[in-house]
Every structure is written in structure tokens, then in C-alpha cells.
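Undergrad: Chain residues, written in single-letter form:
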Amino acid sequence: MAISADDVRKLAVLGRLSLTDEEITKLQGEIESIVAYVDVIQKVPLPETSNTSTHLDLENVMREDENPHEAGKYTEALLVQAPRREGDYVKVKKVLG
Amino acid sequence: MELTDLSVKELGEGYRAKTFSVVDVAKAHLVRIEKENPVLNAYLEVFDDVIAEAERAEKILADKGAGAHLLTGIPIAVKDNILIQGKRVSAASKMLENYVATYDATAITHLKNAGAFFLGRTNMDEFAMGSSTEHSAYGVTKNPHDITRVPGGSSGGSASAVAAHLAPIALGSETCGSIRQPVSLCGLVGLKPTYGEVSRSGLIAMGSSLDQIGPIARTVYDTKLVFDTIRGQDSLDGTTLPNQGETRVSNKRIGVPREFVKDAQPDVRENFEKTLDTLRSKGYEIVDIEFPSAPYGLAAYYIVMPAEVSTNLARLDGVRYGLSYEGKNLLDEYEQSRARGFGAETKRRVMLGAYVLSSGYYDAYYKRATALRSVIAEDLAKAFADVSFIATPTTPGPAFKIGEKSDPVSMYLEDIFAAPANLTGIPAISVPMNMVVRDGVSLPVGVQFMSPKRTESSLFDIARDLIGETL
Chain A
30 MAISADDVRK LAVLGRLSLT DEEITKLQGE IESIVAYVDV IQKVPLPETS
80 NTSTHLDLEN VMREDENPHE AGKYTEALLV QAPRREGDYV KVKKVLG
Chain B
11 MELTDLSVKE LGEGYRAKTF SVVDVAKAHL VRIEKENPVL NAYLEVFDDV
61 IAEAERAEKI LADKGAGAHL LTGIPIAVKD NILIQGKRVS AASKMLENYV
111 ATYDATAITH LKNAGAFFLG RTNMDEFAMG SSTEHSAYGV TKNPHDITRV
161 PGGSSGGSAS AVAAHLAPIA LGSETCGSIR QPVSLCGLVG LKPTYGEVSR
211 SGLIAMGSSL DQIGPIARTV YDTKLVFDTI RGQDSLDGTT LPNQGETRVS
261 NKRIGVPREF VKDAQPDVRE NFEKTLDTLR SKGYEIVDIE FPSAPYGLAA
311 YYIVMPAEVS TNLARLDGVR YGLSYEGKNL LDEYEQSRAR GFGAETKRRV
361 MLGAYVLSSG YYDAYYKRAT ALRSVIAEDL AKAFADVSFI ATPTTPGPAF
411 KIGEKSDPVS MYLEDIFAAP ANLTGIPAIS VPMNMVVRDG VSLPVGVQFM
461 SPKRTESSLF DIARDLIGET L
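Residue numbers (the numbering used here), protein chains in the order written: chain A, 30 to 126; chain B, 11 to 481.
Derived from the structure by calculation, the hints contain no laboratory data. Take these hints with a grain of salt, some might be off.
[To be verified] Short derived list, chain B residues pointing at chain A, Cβ under 7 Å:
1. Asp244
2. Tyr306
3. Asn339
4. Gln346
5. Ala349
6. Ala391
7. Val419
[Stated by the list, open to error] Chain B regions said to be covered by chain A (calculated; three or more residues, Cβ under 8 Å):
8. 74-80
9. 192-198
10. 309-323
Positions of the beta carbon are idealized from the N, C-alpha and C atoms, including for glycine.
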């Protein structure tokens, strides 16, 4: 499957990555060769009713709907790593234009 | 005999006989790290509290005496994607260069409770994506057997550290071969546990349906000791399995998928045959098996894993934590921060994940790959109805030269034999075979054994039988 430079630009938007033209050219060839490699799976005959889950023995595990720890216990440790904060909030740029 | 040459078992015996102290052992490792690490680049950071922690372990030993846990006072190297509270943990990425862990990974909690302590954090491919450590943002790690060659990856720093005796044991992690491949290339023992045996809480996520933490050691005994200590059900990881006692397979029959192993290099195949002869002489029966889906495993992996990577790494956006670049607007901030924080391989996989998950391609790739995973699981179930183990070389060849595999697909093929175990959640162990020679240098290469889920005990048995390790 041929991958165009425009396809790479679209994938970069989906992946939230700003890329240089040089990176786009390089990635175009690399992604094309990786997709060509994984395309081998199109040739494997799969049973009609094949399972879509590998770990058939897994089941959903719920915890109690209660506070796992006292409020504020980790607030400072986590917020201190935020690039920008205001009080006990992470500061973000405007979300809605 | 230097203290750094001793196995965990020998260190424990020495502590109990008071031949040397925990501080002696800690100091011996620090001296060796200082001497060797500038060349090897196995450790990204050596912790500043090693001696203090050794003194603390010394007290536990004094208090508990012979009843102390066998890991009390044992120094451990930890891959840089496993959280230790208060320590930096970067996943060898610029994105998390200054990130400090706010809690302990459950595996770390178990080791701390056992009285072990940590020497430092080891180099790896960024976010565990790679098979050589060349994708680390902090430079490549060298293979102690030949410093012009890679140690493998992604747990290459941990493997190099243990092989060079800069630590007796280390923690690594696997998504597809990231423990087994580096131990094969560094001449060590390593275990990829059954999915769900070891909690993933506090492991920086790459492919959540595949990731497992596991031990890297120089002996089978030490590998088992670490595994026994870190495993167990954990309320912080809903995929961990309920505790059950040691479970063993029923016979000594080993299946060899002949069509699959022909992808290994000729002298590795020869070595593999000799290994099978050794096992035969020790009472194992070798039979050929069909494993028709095996060669497609790696391709399925390179669809499932990037899909999970693109999802897991979405949280790294320059807003919550990690590298942040102030952009014109919020979207620009995301895109600029990620462009600066992520290396080339990480970007490739994030975009590949977006590709296989995008509408129009989802059915052809992600859905099909997921169905293929269950076909592989069914093939394995058929094989395990007759044999107890499946053996292959761990890797197609020994350590390759730094820079040799610049094309992504050629690097990916390093993990061709690893993929079935990760995709289906079964355990696998790698142990050293005879050396092979490249450019006049003897290099290690491993054999791997896979077995049904939760039969790690039998993997330790066969590994011990093969290398003649006695307890």
C-alpha cells in the first residue's frame, strides 16, 4: 500500500505531532515499508468465527466505588510536575475557540 | 573472587556466614560501576542513597537473622520504566527527563518488603520501543562481550549491567522480547512471565495487553527468586491472576516448530540442535510440531502494539507533566511538546498506531491482527495438548553491531521468535547456549522455552536441567 506525504501529514495530526518536511519524507518511506511487512497478515486464512479476544480467561474486575485514598494526599506531588499551575489546578490554554 | 562476581544465592550465604557485609557488597558494585559504566552506559543514574539503603538492609539482616528474606541486602538494577517513589524515571525519553515517580511500582514494593535495595536506573530504548537501546534519548548501551555491539533491547541497560557484574540481578520489562532478546545477546537468564503473574502497576505503559515486568539474572535460581518475590495478585492491576501454588507440566516432551526456527542464522541453528541433543541426553523427548501461525505473530504484533502505544502515549501532551513547549494554542502546544519530547521510533509507532486504528483500515489491520492472536493461541493450545514445552532459539543471531540495523523492519525481525508468547500471554524463559563467533569474537546466544500459562516452575526446571545448575 502506497503512503503519500499527505497521508503522513494526516497521521501526524492524529498523533498530535508537529513534523518537519524532512521527517515527513523519511517517515513516508518507513511507514510504507512497515505497512508492507505487516500486510502479510492479509494472506493468513482466518476462520469465519475467529475469536476477537486473546485472553479469553480475563474478566472485568471492579473496585468498590469509594475514594481509594484521602483527598489531597497526592495533590502536591502530582501538581509540582505540571508545567503550569494555578493553586491546585493545572493551567491549560483555552480549549474552546 | 570479587564480591561483584557472586550470585544472589552466594551473596545471601555470605551475609548469613558474616563473610562480608551488605555495605561491602554495595561499595564493590559502586566501584565497579564507576569504572565500567562510562564505557558501557548501562546505568542512566546511580542512586545517591545506595550506602544508606545498604545500611538499612544490614539492620534487617541483623534483626531477622537466618529468617530474613533471601533478597534482603541484595542490590538490584531497575529498568528506567519502573517507578520507585521519589526517584526520577524517564523511560529513556526526553519527554520524561525530569519526571519523579510519585509512588512505587508493585514489583518495587515487593522487593522493598523483601529487604532488597536499588543501585540505579538502567538505560533502555525510549518507552521500551526497540531491540538495541539505540532508541534511547541518552545514548546507546554497549554489550560487555564486545563494546562495538548492542546489548539488545529494550531492557539492554539491565542486561548489560548484570552481564558486566555491575549488578547481580535486574528488573526488565517485556512487550515483545525486551527481556529475552537482551539476555540472549548478553549471555544471561531472563523470564517473560505469564501475562498477569506480575503486576503492571507502576510500569510505564507501552502495550498494555502485552506488557510484563520480569527478572534478568546470571543464574536460574536468582531468576526464580526474583520472580517468586515480585509476582502475585494486585488490586492495582485488574489483569493480575489469583494466587495458586506452583503448577508444573505433565511430561518432558519438547516441541520444535521446524518451519519457524529455520529463520535463525546457520550457526545458531547448529547450536540449537546441539542444545536439543543435550536435553535428549537428560531425558527429554524432542518432537517436531506444527505451528503454522507462528511466522505471522510479529506482523500481528506490529499492528496491536502501535495501536496500544498511540493510545497509551496520548497522555504525554505537555500539559499534565513532562516536557512542555509553550505553543500558540493548545493544539500547537500538544504537537510541539510531543515533537520535541519523542524520538524517531516513538513517533513512528504513534503514527503507525493512528494508521491501523483509523476508520477504513481498522478492520483490515487491528481487527484482523486481534483475530490472528487468538488463532496463534489456538495453535499453541493444540501443541500443548501433546508437548509440555516449545523450544526455539531466542534470537535469530547474536549481538549485532551498533548502527547495523538502521532500517526499522530489520530491527523488528530481532523479535520474530519472541512474539507468540507475548501475543498469547504464555511464559517463556531464555537461557544461554554455546557461543557463536563473529569477527573473531565469541558471542552468546540463547535458547527459549515456552510453556502453558502459569507453568513457570517447569520453565525453571528445564532451564536448570539444560545448564546443569544444581540447587
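Undergrad: The structure should be examined with respect to each hint, and the outcome stated for every one.
TA: These are the hints, each one checked on the structure:
no., hint, in the structure
1, Asp244, "violated, 11 Å"
2, Tyr306, "holds, 5 Å"
3, Asn339, "holds, 6 Å"
4, Gln346, "holds, 5 Å"
5, Ala349, "holds, 4 Å"
6, Ala391, "violated, 10 Å"
7, Val419, "holds, 5 Å"
8, 74-80, "violated (count 0)"
9, 192-198, "violated (count 0)"
10, 309-323, "holds (count 5)"
Hints 1, 6, 8, 9, counting from the list given before, are not met by this structure.
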